Amino acid sequence: MNRKLKNKYSRVRTAVQEFLINLDSRFKLGIIGFIVGITSGLAAVALNFGLHYFSRIFHQDNNVFFQFALPVFGLLATVVLLKYVIKDFGGHGLPEVIHSISLKGGRIKFRSSFSKLLGSLITISTGGSAGPEAPVVVSGAAIGSNFAKLFKTDERIRIAVSGSGAAAAIAAIFNAPLAGIIFTMEVIIGEWTPVYLLPVVIASVTGTEISRILNGNQIPFSHRGFDVSIVDINAALGLVILCTIFSLFFIKFLRSTSYKLEQYLPNALWRTVAGGIPLAVIIYFLPQVRGEGYEFVEKLITGQFHEGVVLIALVVVFKVVATSLTLGSGGAGGVFAPALFIGSATGFLFFSLVKLIAPQIPLNDSGLYALMGMSGMISGILNAPLTGIFLIVEITNGYDAILPLLLVSFLTPTLVGFFEQHSIYHYELVKKGFLQRPRTDGRILADIRPIELLEKDQISIHPDILLKDLIPVIKRSKRNYYPVLDRSEDRFLGMVYFNDIKEFIFDETLSNTILVEEVMHTDLITVSLSDSLPDIQRKFDDTNLWSLPVVEDDKFQGLISKATMLDLYRKELKVQTDS
Amino acid sequence: MKNKKTLTPVEVAELLDLPLVTIQRWEHQGKIPYKLVRNEKWYKKQEILDWARLHDIMIREEVARRSVQSGNLLSQAIERGGIYYHVGGKDIITVFQNSLECLPYLKNSDRELILNALLNREELASTAIGSGIAIPHTRERLDLGLNGICIPVLFLENPVEFNAIDGMPVFVLFMIFTASTGDHLKILSRIAYTLKNQEILSILSGRNQQDNLLSQILKIEQEIKK
Numbered sequence: 003m004n005r006k007l008k009n010k011y012s013r014v015r016t017a018v019q020e021f022l023i024n025l026d027s028r029f030k031l032g033i034i035g036f037i038v039g040i041t042s043g044l045a046a047v048a049l050n051f052g053l054h055y056f057s058r059i060f061h062q063d064n065n066v067f068f069q070f071a072l073p074v075f076g077l078l079a080t081v082v083l084l085k086y087v088i089k090d091f092g093g094h095g096l097p098e099v100i101h102s103i104s105l106k107g108g109r110i111k112f113r114s115s116f117s118k119l120l121g122s123l124i125t126i127s128t129g130g131s132a133g134p135e136a137p138v139v140v141s142g143a144a145i146g147s148n149f150a151k152l153f154k155t156d157e158r159i160r161i162a163v164s165g166s167g168a169a170a171a172i173a174a175i176f177n178a179p180l181a182g183i184i185f186t187m188e189v190i191i192g193e194w195t196p197v198y199l200l201p202v203v204i205a206s207v208t209g210t211e212i213s214r215i216l217n218g219n220q221i222p223f224s225h226r227g228f229d230v231s232i233v234d235i236n237a238a239l240g241l242v243i244l245c246t247i248f249s250l251f252f253i254k255f256l257r258s259t260s261y262k263l264e265q266y267l268p269n270a271l272w273r274t275v276a277g278g279i280p281l282a283v284i285i286y287f288l289p290q291v292r293g294e295g296y297e298f299v300e301k302l303i304t305g306q307f308h309e310g311v312v313l314i315a316l317v318v319v320f321k322v323v324a325t326s327l328t329l330g331s332g333g334a335g336g337v338f339a340p341a342l343f344i345g346s347a348t349g350f351l352f353f354s355l356v357k358l359i360a361p362q363i364p365l366n367d368s369g370l371y372a373l374m375g376m377s378g379m380i381s382g383i384l385n386a387p388l389t390g391i392f393l394i395v396e397i398t399n400g401y402d403a404i405l406p407l408l409l410v411s412f413l414t415p416t417l418v419g420f421f422e423q424h425s426i427y428h429y430e431l432v433k434k435g436f437l438q439r440p441r442t443d444g445r446i447l448a449d450i451r452p453i454e455l456l457e458k459d460q461i462s463i464h465p466d467i468l469l470k471d472l473i474p475v476i477k478r479s480k481r482n483y484y485p486v487l488d489r490s491e492d493r494f495l496g497m498v499y500f501n502d503i504k505e506f507i508f509d510e511t512l513s514n515t516i517l518v519e520e521v522m523h524t525d526l527i528t529v530s531l532s533d534s535l536p537d538i539q540r541k542f543d544d545t546n547l548w549s550l551p552v553v554e555d556d557k558f559q560g561l562i563s564k565a566t567m568l569d570l571y572r573k574e575l576k577v578q579t580d581s
Numbered sequence: 022m023k024n025k026k027t028l029t030p031v032e033v034a035e036l037l038d039l040p041l042v043t044i045q046r047w048e049h050q051g052k053i054p055y056k057l058v059r060n061e062k063w064y065k066k067q068e069i070l071d072w073a074r075l076h077d078i079m080i081r082e083e084v085a086r087r088s089v090q091s092g093n094l095l096s097q098a099i100e101r102g103g104i105y106y107h108v109g110g111k112d113i114i115t116v117f118q119n120s121l122e123c124l125p126y127l128k129n130s131d132r133e134l135i136l137n138a139l140l141n142r143e144e145l146a147s148t149a150i151g152s153g154i155a156i157p158h159t160r161e162r163l164d165l166g167l168n169g170i171c172i173p174v175l176f177l178e179n180p181v182e183f184n185a186i187d188g189m190p191v192f193v194l195f196m197i198f199t200a201s202t203g204d205h206l207k208i209l210s211r212i213a214y215t216l217k218n219q220e221i222l223s224i225l226s227g228r229n230q231q232d233n234l235l236s237q238i239l240k241i242e243q244e245i246k247k
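Residue numbers (our numbering), protein chains in the order written: chain A, 3 to 581; chain B, 22 to 247.
If we strip away everything but chain A, and leave its shape as in the complex, we get (with noise of 0.2 angstroms):
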């Protein structure tokens, strides 16, 4: 009975893959990213509400003591989790799925569509600083991954699909469809073509609309509105100045407390301990730095914060050391959020000092520093400009700040880019290189298999031959180079090349006395089909030959030349680009 049930089964699914697989791709990718955009933006509205559910619980009570040991306590149950009983990565978990999607074909473990989602939630409401948005990309884009793979599909589709899971959990978050859509074609997938496109402004759509339907359409940072003058205008300029000195510095902190953690303490839980004690003494005496921060920047987004200019450089530094220290020690979340409450603070100190240094100058209203320092800080750390606009636009419902907020978020990306060539999520992938994008290079590269070029219609021939008995060989190949094999084992030996011998081969006394052995190549550098092509690609540009063999385990298998390589580095190049 079970048996039958499962073969059933087993038709059922088959049935249904041939059903997609055979569907016009256009329709298909529509229908996945509609799928899709239902889960993910399922995931968000969860995480969100469990956060919020969760917060409240643990920050009811006042003892001090418990206050103290929370967020300690909260990392050390999100590394457990992570680690030991799920066995996924900590961070934030962005670098891989952009790795995945870059080279991997968008293959994304099933685990890491919860096991991200859980991790943040307790790190985050225990008081951890860092944000719930890379939690939810990577839940969305695992899911999405996840169900690509369910029914076989494609790489291309399986991209496609996993950005959207991305694209409708921020959209879901921040109930800001455009921001979900430009976050994933910029950040995540880095290829504006129709194929990505289509799912990805599908499932944008849905995960907003469910976020709408279960939340309400609320605007996350309403505000009242600005009559944006010249004078912002200008200041945008300065402001500019301050975002990029803060995205450097939070860029550069992050990085190096992880690599400094990780190389003193490489005991997890050490570590754990090591950075969850300063972050509870920071939070302790900084509560505005603790979890995701949205309270306080919405204060200072509606103008309700009046402490001054100390404390709110104080919030800048201590929230980057926080988050570079949840993060360093293993706990789960992302730098969106932290970027976001950085950026408000940022541009909230710069109206503070103009107007301390300054009172003269007629700024606006700190407000709408408070965003354009957001957009600044969103689009130089995460290098992504446009993401950093539509984000701030969309949030805060609101064009009137466009100009100084195209400013800043181009300008500030530009001036880190002096100083610091990738953005967060991707220095990790470049410096090892796994990101890839879509029609370079070394894309092309990655995606060509030695064994698609292994020539195999080379004439090979024995080392104790003359060279006389080689003019039938010539007269019959294709080639003008000869593998030489070992007579009983059919091991490499060497290579002959035409060029060298053919002056001994016209000569009527020398191609009777000399032997193949006495001519050929044997210090050659060979390749084998395990390589990588840049690898062959290296030992091509090295060697300045035309053709390298491929030996394998002492076996000859054929030659791998530049000309072919070229003719199908051309053909992938032309696939590359979208239908």
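Don't take each hint at face value.
[As the list claims (entries may be wrong)] Now the stretches of chain B that chain A is said to cover, found in silico as 3 or more residues with beta-carbon under 8 angstroms:
1. 57 to 65
2. 68 to 81
3. 130 to 136
Honestly, the hints are just simulated from the structure, not real lab data. What you are looking at is a predicted structure, and each value in this text was computed from that prediction instead of being measured. The beta carbon of each residue, even a glycine, is placed where N, CA and C say it ideally should be.
Once you have looked at the hints, place chain B on chain A.
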């Protein structure tokens, strides 16, 4: 394969002149359109052709069409050129003049040009290859608007002195008209190979069997293919 509407991955690989592994990777990565029928991958031929055109990927049939089929190269060329007997003339110039007169497919305006080109080549070095055979051709490839390689075989009324390597007067001409150097090289090597054959030589000299020439060359060429 011509009339089939669906293709297997192997056939697609052949059609696009790519290794099968590349086609399989493209399937996997979603770069090439296919259908799944009972867990097997099938391609629609028209879809693949459109896809290849869209991405500017060469199709093997087009590649093949561009180069001449090398199967029965020589016999086809002779068939196109025709076999002519009793061509008169007492020296190279008159023999060539009379030969070109025989060939109906040459344009009248071209004959003068061809004659000069042939004589020009003979001045440089004789095209008589011994055993009474000559293979007159021009130095540069002329585009005469002929449909492929064209080799008229012309038996002379009287043997003519051609400054051959072996000193023998020439009694038969294999005139070669080709438009491309590639074809020229191929046909030269084919002629050299075929004319070494003793049977061919005896057919050429034994005048009563000359009708067998074409079928004999075809036989030799088909043996090469094997």
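Okay, the hints, checked on the actual structure:
no., hint, in the structure
1, 57 to 65, "holds (count 4)"
2, 68 to 81, "holds (count 5)"
3, 130 to 136, "violated (count 0)"
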